[in-house]
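Novice: Sequence:
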Amino acid sequence: MQKIDFHFNVPNRLRYACLVARTVYKRGLTLALWTSDAERLRSLDALLWRFDDLAFLPHARCGSRLEGETPILLSTNLAELKGDVLLLLDDHLPGNWKTEFERFARIIDVVSTEPQELKLSRDRYRAYKAQGVELAAYDRRQ
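Per our numbering, the sequence shown runs over residues 113 to 254.
Just so you know, not all the hints are guaranteed correct.
Each computed BS3-like pair below joins lysine-lysine, with the alpha-carbon atoms no more than 30 Å apart [what the hints assert, rightly or not]:
(1) 210 / 115
(2) 231 / 194
(3) 210 / 231
Computed Cβ-Cβ distance ranges for the label pairs, DEER-style [said to hold, decoys possible]:
(4) 231 / 151: 33 to 41 Å
(5) 180 / 249: 19 to 27 Å
(6) 207 / 131: 23 to 31 Å
(7) 239 / 165: 21 to 29 Å
(8) 177 / 242: 39 to 47 Å
(9) 246 / 168: 31 to 39 Å
(10) 194 / 131: 19 to 27 Å
(11) 238 / 161: 34 to 42 Å
Derived from the structure by calculation, the hints contain no laboratory data.
Predicted, not measured: the structure shown is a model, and the values here were computed from it.
Glycine residues also receive a C-beta, built at the ideal position from the N, C-alpha and C atoms.
Please model the complete structure; the sequences and the hints are all you need to start from.
Specialist: Next up, the structure:
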């Protein structure tokens with residue numbers, strides 16, 4: 113399995129996701145954004161439209177008529193996502209995470225400074241380590 117990058121101490125998880133989306137899009141890559149939390153995904157979808165007045169980030173939800181021509185896809189269903197980069201915005205790993213993650217060339221797990229989120233991210237980190245996944249950690253403290 114490929115390496116998983118942990119970006120931690122992020123002040124605002126969704127805003128950071130938008131920054132990553134902009135970077136990935138500018139590099140000409142495709143991005144899959146996943147969380148099982150439908151409300152979090154709705155908030156991210158809205159933020160992608162307005163977070164930067166000078167940037168247009170074409171994105172769509174999986175299953176929409178624009179899915180095939182959009183470089184940034186969002187879903188609460190990991191199995192329907194595809195892309196070069198997978199951006200994880202969920203607090204828990206799905207049971208089949210190892211198989212699902214293999215479809216992506218790069219994986220980024222984003223963690224804010226919220227205490228509960230930090231605790232749950234440590235559980236994910238241990239699960240990755242137990243499976244022998246190479247991990248890289250990036251402290252995004254400002």
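Novice: Work down the list of hints and note, for each, if the structure agrees.
Specialist: Now for the hints, and whether the structure bears them out:
1. The hinted pair formed by residue 210 and residue 115 meets the criterion: a straight-line CA distance of about 12 Å does not exceed 30 Å.
2. Restraint check: the Cα-Cα separation between residue 231 and residue 194 comes to about 28 Å, which is no more than 30 Å; the hinted pair holds.
3. Among the hinted pairs, residue 210 with residue 231 is consistent with the structure: their alpha-carbon atoms are about 21 Å apart, no more than 30 Å.
4. Restraint check, residue 231 to residue 151: a C-beta distance of roughly 20 Å breaks the suggested window 33 to 41 Å.
5. In this structure the hint that residue 180 and residue 249 lie 19 to 27 Å apart at CB is violated, the actual value being about 35 Å.
6. Restraint check, residue 207 to residue 131: a C-beta distance of roughly 30 Å satisfies the suggested window 23 to 31 Å.
7. A hinted range of 21 to 29 Å for the beta carbons of residue 239 and residue 165 is inconsistent with their spacing of about 39 Å.
8. A beta carbon spacing of about 41 Å between residue 177 and residue 242 agrees with the range 39 to 47 Å that was offered as a hint.
9. For the pair residue 246 and residue 168, the beta carbons lie near 34 Å from each other, so the given range of 31 to 39 Å is met.
10. Checking the proposed 19 to 27 Å range against residue 194 and residue 131 shows it holds: the Cβ atoms sit about 22 Å from each other.
11. The hint said 34 to 42 Å for the Cβ distance between residue 238 and residue 161, and at roughly 36 Å that hint holds.
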